[in-house]
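Starting from the given sequences, assemble the full structure and let the hints guide the process.
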Amino acid sequence: MHNMLWRGLLPAALGLTALAAGCADREDQASTDSSGSSGSGGNSAIAWGSCPGDFLSECATVPLPLDPSRPDDGALPIFISRHLAPGGAAKAQVWLLQGGPGGSGYVFKDVVEQLWQGAMPDVDWYVLEHRGVGPSSRLECPVQEDPSSDGGAEITAIEWPACIQALKARWGGDLARFTTSADAEDLARLIDLTREPGKKVILYGASYGTTRAMRFLQAHPDGADAVILDSIMSPGAQYLSWYDTQFDPVVRDLSDICAADPVCGAKLGADPWAKLDALLGKLSRGHCSQLGTDVALFTSIVPIFAQTRALRTHIFPLAHRIDRCEEGDVQVVGHYMQTLLDLFSQTDGGEPRDSSALGTHVALSELWEEPAPTLAEIQERCDSQRFCPEDALELGELHELWPRYPHDQLWDGWPSFTVPVLAMNGLLDPQTPIGRAELVADRLTAPHQTFVAVPWSPHWVAYESPVRTAGAAPCGTQMMAQFIEDPEAAVDTTCLDDLVPVAWDEDPALVELLFGTKDMWENMASLGPAQRKAAPVDWTAVARLAREKKRWR
Numbered sequence: 001m002h003n004m005l006w007r008g009l010l011p012a013a014l015g016l017t018a019l020a021a022g023c024a025d026r027e028d029q030a031s032t033d034s035s036g037s038s039g040s041g042g043n044s045a046i047a048w049g050s051c052p053g054d055f056l057s058e059c060a061t062v063p064l065p066l067d068p069s070r071p072d073d074g075a076l077p078i079f080i081s082r083h084l085a086p087g088g089a090a091k092a093q094v095w096l097l098q099g100g101p102g103g104s105g106y107v108f109k110d111v112v113e114q115l116w117q118g119a120m121p122d123v124d125w126y127v128l129e130h131r132g133v134g135p136s137s138r139l140e141c142p143v144q145e146d147p148s149s150d151g152g153a154e155i156t157a158i159e160w161p162a163c164i165q166a167l168k169a170r171w172g173g174d175l176a177r178f179t180t181s182a183d184a185e186d187l188a189r190l191i192d193l194t195r196e197p198g199k200k201v202i203l204y205g206a207s208y209g210t211t212r213a214m215r216f217l218q219a220h221p222d223g224a225d226a227v228i229l230d231s232i233m234s235p236g237a238q239y240l241s242w243y244d245t246q247f248d249p250v251v252r253d254l255s256d257i258c259a260a261d262p263v264c265g266a267k268l269g270a271d272p273w274a275k276l277d278a279l280l281g282k283l284s285r286g287h288c289s290q291l292g293t294d295v296a297l298f299t300s301i302v303p304i305f306a307q308t309r310a311l312r313t314h315i316f317p318l319a320h321r322i323d324r325c326e327e328g329d330v331q332v333v334g335h336y337m338q339t340l341l342d343l344f345s346q347t348d349g350g351e352p353r354d355s356s357a358l359g360t361h362v363a364l365s366e367l368w369e370e371p372a373p374t375l376a377e378i379q380e381r382c383d384s385q386r387f388c389p390e391d392a393l394e395l396g397e398l399h400e401l402w403p404r405y406p407h408d409q410l411w412d413g414w415p416s417f418t419v420p421v422l423a424m425n426g427l428l429d430p431q432t433p434i435g436r437a438e439l440v441a442d443r444l445t446a447p448h449q450t451f452v453a454v455p456w457s458p459h460w461v462a463y464e465s466p467v468r469t470a471g472a473a474p475c476g477t478q479m480m481a482q483f484i485e486d487p488e489a490a491v492d493t494t495c496l497d498d499l500v501p502v503a504w505d506e507d508p509a510l511v512e513l514l515f516g517t518k519d520m521w522e523n524m525a526s527l528g529p530a531q532r533k534a535a536p537v538d539w540t541a542v543a544r545l546a547r548e549k550k551r552w553r
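Just so you know, the sequence shown maps onto residues 1 to 553 in this note's numbering.
Simulated from the structure, these hints should not be mistaken for laboratory data.
Note that the structure is predicted; figures quoted are calculated from it, not measured.
Do not rely on the hints blindly, as some may be mistaken.
Stated by the list, open to error - Below, computed lysine to aspartate or glutamate pairings styled on EDC-like, alpha-carbon distance capped at 20 Å: (1) Lys91 x Glu113; (2) Lys518 x Asp505; (3) Lys275 x Asp261; (4) Lys282 x Asp294.
Put into structure tokens, the structure is as follows:
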């Protein structure tokens, strides 16, 4: 899932160039840290070796029971990676659990190396690749995911029936073994194999990774010494069948911030939400037809802006330009969208890691409300929104076709939190909205358990909570580091006062890159025509790639 790395690098503008180069080079880079041995920690039962270029320093594939309840009935190869603290000085083993569902843990490589290793040098970092993802026996549909297929790497609605048949033919009844609870048992076995005397075992889960961590605690209440929950999927409340309704509230909040901002408010007026609403009406009547878009495509693209810190403020200058629709505006909007399409289209050329099939499998089996809503009900929810990503709608179309696995006794349940917990969620997070995420606070009643609501932050607080202090780690990382150092100490939240707010004083290099001009709002001091990407834009491709990049993460 490159979008997390991409979102993190984008505000620096020059980081985009680094990303483009890094994606091309990463598969060719051999790990310089791996010795091919068990290193300074862990059980010799795991044969640690070198890694693919997009994973951490040491990697291993461990055969674990396909059915954890019947360990003698066959094994499934499960992939793990790690990066050990220098000199064997680690005080803690931190297990990183990626979200999705269907997201690969390879995204943690750059975060560990570029941020967390410096902020927390005395930590051993471990990543468990969820069964069904990446090298952990990825659920895949090679024909439908082939880049030359109708939807490219994305599986389209027309392709899903054949993909489902391919999954059934490959796995049969064993598809029911690719569950959150089975992942929790994989984690329990791997912790047992790697646990070392004197080192705390701490879980860090992000998004669906919080579901993984909480499921582990349900089955193994004392299996970890502490837990960090980042961007929380509250059991029994956060269903993906409601996902399409989660973006309007954040765009409304951003609109209120825009109204109070001297720059944005001057351009959009006292009620930017009403301005956006009026623009959608104008687009539905053919306004600014030279852009080549329509209201449905535009509204399906806006959600990726709402969830992405580096892009969310751009909703308003783009809307301002589309509403004005002068020749220069059309050129700038076209350049912006084509640049975005180019960035989204970058791939590293390596093996596919994420699994849409696993993501859909878990989503429809465990993250869907019961009784299931009808497709008409999901469509009605989407129609009630100004900005609907249509992800729940696409999932709903597969609900009856999908070979869902039955709920187990842990489904929709909360763990009994007995160990120290740090829970964090952004107030501007459309993927795990604060109103549902903060339900965890009612469960954190034991000592050393804390819930922190983080202003301005979208999804993934540990990374997406930058501070004003130059060179300082994001606020979420600061709190995370303190908690790992001493899970029983009071969490110092003073970095919340140092957070970078939502504002429209964008980095000039980023403005030039995306807008093709030196001003987000006005057609002045622009780059020459030869330096711009010409409209019309392939808006359908932009919408498809935006949907592929943002889904559920």
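The hints, checked one at a time:
no. : hint            : verdict
1   : Lys91 x Glu113  : holds (18 Å)
2   : Lys518 x Asp505 : holds (12 Å)
3   : Lys275 x Asp261 : holds (15 Å)
4   : Lys282 x Asp294 : holds (10 Å)
In terms of the numbered hints stated before, the structure departs from none.
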